[in-house]
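Same order as they appear, the protein sequences are chains A and B.
Read in the working numbering, the first sequence has 56 at position 56, and its numbers run on one by one without any break.
Read in the working numbering, the second sequence has 198 at position 198, and its numbers run on one by one without any break.
Calculated from the structure, these hints are not laboratory results.
Be a bit skeptical, because a hint or two may be false.
[Claimed, not checked] Interface residues of chain B toward chain A, partial, derived using beta-carbon atoms under 8 Å:
hint, residue
1, 201
2, 204
3, 206
4, 209
5, 213
6, 215
7, 219
8, 220
9, 227
Even glycine gets a Cβ: it sits at the ideal position worked out from N, Cα and C.
Each chain, letter by letter, is given below.
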Amino acid sequence: MSNKIKVMIVDDSKMIIKLIQGFLETYNIEIVGSASDGKEAVNVFKKTDPDIVTLDITMPEMDGLTVLEEILKIKPTVKVVVISALTDNATALKALKIGAKDFIPKPFKEEQLKTALDRLIHEENVHA
Amino acid sequence: MDNDLVQNIMIVDDHPENLLVLENILEAPGLNFIRAESGEETLRIMLKQRDVALILLDVQMPGMDGFETASILRSAPNTKHIPIIFVTAISKEDKNVFKGYESGAVDYMFKPVDPDILKSKVQVFLELDRRKRVLEDKNIELHEAKKNTDKILANVRNGLFLLDQKLDFKPQYSAALERILLTKNLANTNFIDFLNDKIPDKVKTSCNDYLELIFQDNMPESTLDKLNPLSEIEFSFTENGFESGIKKILNFSFKRIYNSDKKIDEVIATVADVTEKIYLAKKLKESEDQYKKQMEMAFNILHVEPALLNEFMEGLEAELSHIDNLLEYTKKSSEYAKSLEQIFRAMHLVKGNASLLDLKFFVNQAHEFEEKIIEVQNKKSLDGTDFLPLVMKLSELKKTGSEINSLIDRIKNIQSHFRPKRQYESELFIKSIQNLVNNTAEDLNKKITLNHKDFDFELIPYNHRLLVREILIQLIRNAISHGIETPDERKKLKKKETGTLTLSSYEQNGCYGFSLKDDGKGLQIEQLKQKAVKSGKFKKTEIDSWSNEQIMNLIFLQGISTAKYVDQISGRGVGMAVIKEKIDKHDGQIEVNSQAGKFCEFKITFKKTKE
Numbered sequence: 001m002s003n004k005i006k007v008m009i010v011d012d013s014k015m016i017i018k019l020i021q022g023f024l025e026t027y028n029i030e031i032v033g034s035a036s037d038g039k040e041a042v043n044v045f046k047k048t049d050p051d052i053v054t055l056d057i058t059m060p061e062m063d064g065l066t067v068l069e070e071i072l073k074i075k076p077t078v079k080v081v082v083i084s085a086l087t088d089n090a091t092a093l094k095a096l097k098i099g100a101k102d103f104i105p106k107p108f109k110e111e112q113l114k115t116a117l118d119r120l121i122h123e124e125n126v127h128a
Numbered sequence: 001m002d003n004d005l006v007q008n009i010m011i012v013d014d015h016p017e018n019l020l021v022l023e024n025i026l027e028a029p030g031l032n033f034i035r036a037e038s039g040e041e042t043l044r045i046m047l048k049q050r051d052v053a054l055i056l057l058d059v060q061m062p063g064m065d066g067f068e069t070a071s072i073l074r075s076a077p078n079t080k081h082i083p084i085i086f087v088t089a090i091s092k093e094d095k096n097v098f099k100g101y102e103s104g105a106v107d108y109m110f111k112p113v114d115p116d117i118l119k120s121k122v123q124v125f126l127e128l129d130r131r132k133r134v135l136e137d138k139n140i141e142l143h144e145a146k147k148n149t150d151k152i153l154a155n156v157r158n159g160l161f162l163l164d165q166k167l168d169f170k171p172q173y174s175a176a177l178e179r180i181l182l183t184k185n186l187a188n189t190n191f192i193d194f195l196n197d198k199i200p201d202k203v204k205t206s207c208n209d210y211l212e213l214i215f216q217d218n219m220p221e222s223t224l225d226k227l228n229p230l231s232e233i234e235f236s237f238t239e240n241g242f243e244s245g246i247k248k249i250l251n252f253s254f255k256r257i258y259n260s261d262k263k264i265d266e267v268i269a270t271v272a273d274v275t276e277k278i279y280l281a282k283k284l285k286e287s288e289d290q291y292k293k294q295m296e297m298a299f300n301i302l303h304v305e306p307a308l309l310n311e312f313m314e315g316l317e318a319e320l321s322h323i324d325n326l327l328e329y330t331k332k333s334s335e336y337a338k339s340l341e342q343i344f345r346a347m348h349l350v351k352g353n354a355s356l357l358d359l360k361f362f363v364n365q366a367h368e369f370e371e372k373i374i375e376v377q378n379k380k381s382l383d384g385t386d387f388l389p390l391v392m393k394l395s396e397l398k399k400t401g402s403e404i405n406s407l408i409d410r411i412k413n414i415q416s417h418f419r420p421k422r423q424y425e426s427e428l429f430i431k432s433i434q435n436l437v438n439n440t441a442e443d444l445n446k447k448i449t450l451n452h453k454d455f456d457f458e459l460i461p462y463n464h465r466l467l468v469r470e471i472l473i474q475l476i477r478n479a480i481s482h483g484i485e486t487p488d489e490r491k492k493l494k495k496k497e498t499g500t501l502t503l504s505s506y507e508q509n510g511c512y513g514f515s516l517k518d519d520g521k522g523l524q525i526e527q528l529k530q531k532a533v534k535s536g537k538f539k540k541t542e543i544d545s546w547s548n549e550q551i552m553n554l555i556f557l558q559g560i561s562t563a564k565y566v567d568q569i570s571g572r573g574v575g576m577a578v579i580k581e582k583i584d585k586h587d588g589q590i591e592v593n594s595q596a597g598k599f600c601e602f603k604i605t606f607k608k609t610k611e
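With the rest of the complex left out, here is chain A (with noise of 0.2 Å):
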């Protein structure tokens, strides 16, 4: 394929964001986008139309819950990996019910993240 998959960040960290660009600059893919708090990342993901997008979900101005049901409305075949602490498993839970595709509790390895991305861009449409 000759599209690179599309990554978005969502962090209400600047560091963790630069972490994860960190992580995945030799990995084969393209970081569109990053946002700071909910609101700016649904602006971020109408603008950049990620295919995958990590997502803190403890965030200020709009929670993560509530942004993953509007990116989810806006491109429903988007895989969002929820990233969160391991102390708030019941909102983790919430995610991947509402359709999150995977979770990483924080803090988190390099591993962890490459783990999850691979098997989301293994599995079929990613690009649909």
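Knowing the structure of chain A, use the given hints to seat chain B on it.
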């Protein structure tokens, strides 16, 4: 044809050549012929031979004939189902003799035998036998399997159960499950309903979400494993809707079971009662902490000079019983505030002494007590119950006190070997003061040397030694926390980075005295003024008319202190007031002298007492 399957055919005829003919006609792989030449022989063989697929039985035989043999075979449970084909020379017209035999299990052939008809009849019976045997094997296997699972389900200590898509319990579950879940007849009841009122609603909702997701095969099981909401969760069990008081910590785990279409149609779950384990771990931690505390205490105590320790323990007892009295006899709400202040002072003193002896664990506990008092003081209105936390805390301190006493007893023998002689008391006193200076300076990131060359411990009468020590503790702490600047500040002020505390003693006119002087920033006159006004005890106009000396004396008043923040070392504005009170009580005098940016000195004078 199944290679493993060997089928036995019994052929009976009193003429051996007929047996040969039959064998020749029927010969086929997987067939085994058992021959008999009479009814009696047939029965004898059949006693031992079990799996015979078919018997070809000649009717006309000398002795026991075919019919007689058949009727005996039919009456025995082991042989009654074996099909029999009668081979006879009687006429077709007489075939009604075969009536009375169950159809299906019996047939007949007329002599001379038509090979094709015989073969096809035998084939039918053999096929029936084959099917029967396959079925039997399967039944045995199933039976064994069921027996195994039953055995497992009856004996496992964990609850083992299956949930279907509706999250209902499937009928087969381990015997332990009902015991662990304290619920009978779980089959076909709903798991989520079972959770009702036993765990918080939020956890129940998560559990519902989690189990719904576990049935979705696109969700990685490894992801879900991390999110299991029912790991080590406390369940409270109800009885007829009322809490029964039974609480258990249960640990559930869930695994998908895929059917042959790779779909998840059930989930296998295990549950273990981990109450004891968790409880034990907690207990273990408590006793470890206790042990650690005791070790620390023992270590601390071993390093304290016994005479000092005894003094400390006596002082402790006195102060604690003082607090006890205050807690017990403060009944009028108008006295609450005053009592709290007194309790605070007593505890502050204990803390000071403990700090002097470097009994860190005790300093911490006393500090916690002080925090509790402040908490109570900060309440808008007080009633008697507000004192309860203090009573609790006090009993903790008493417990620590008695632990120290028993520790002292236990280590007395060891310690007596290196117990210092009395002439070293002066040395030890200086050493303990030096320790206090070092520790306090380190805690506050300051550099300080103690100059004590003009201090003579022997000048202090024996019965004043504890008092002098208490006063010095407070003065030293104040000097280090409020007086002497940090090395950086001192550098900027062109002072030596290391501050100096000078301790000296003197005697004159039947009095003795001592002084502590620091080369720090001196008393903060302006701050003292502000504090005094803020305390509401003085009017600004009144204070403005005062001399510096008068203002300096404000530091001996309760509620005025210049420390910026409260720490464990000083700064709650009671230290100096307590000291002043003590000195007054012993007919002593305290003077303060200070110059801004240069020094602050306290001079304490007592009349010499007779020992």
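Evaluation of the provided hints:
1. 201: With a minimum Cβ separation of about 11 Å from chain A (threshold 8 Å), the hint on residue 201 of chain B is violated.
2. 204: 10 Å, violated
3. 206: Interface hint status for residue 206 of chain B: holds (4 Å vs cutoff 8 Å).
4. 209: Constraint on residue 209 of chain B satisfied, holds at 4 Å.
5. 213: 5 Å, holds
6. 215: 12 Å, violated
7. 219: 6 Å, holds
8. 220: OK, holds: residue 220 of chain B within 8 Å of chain A, min 6 Å.
9. 227: Hint holds; residue 227 of chain B Cβ to chain A Cβ min 5 Å, cut 8 Å.
When the structure is compared with the earlier hints, violations turn up for hints 1, 2 and 6 and for no others.
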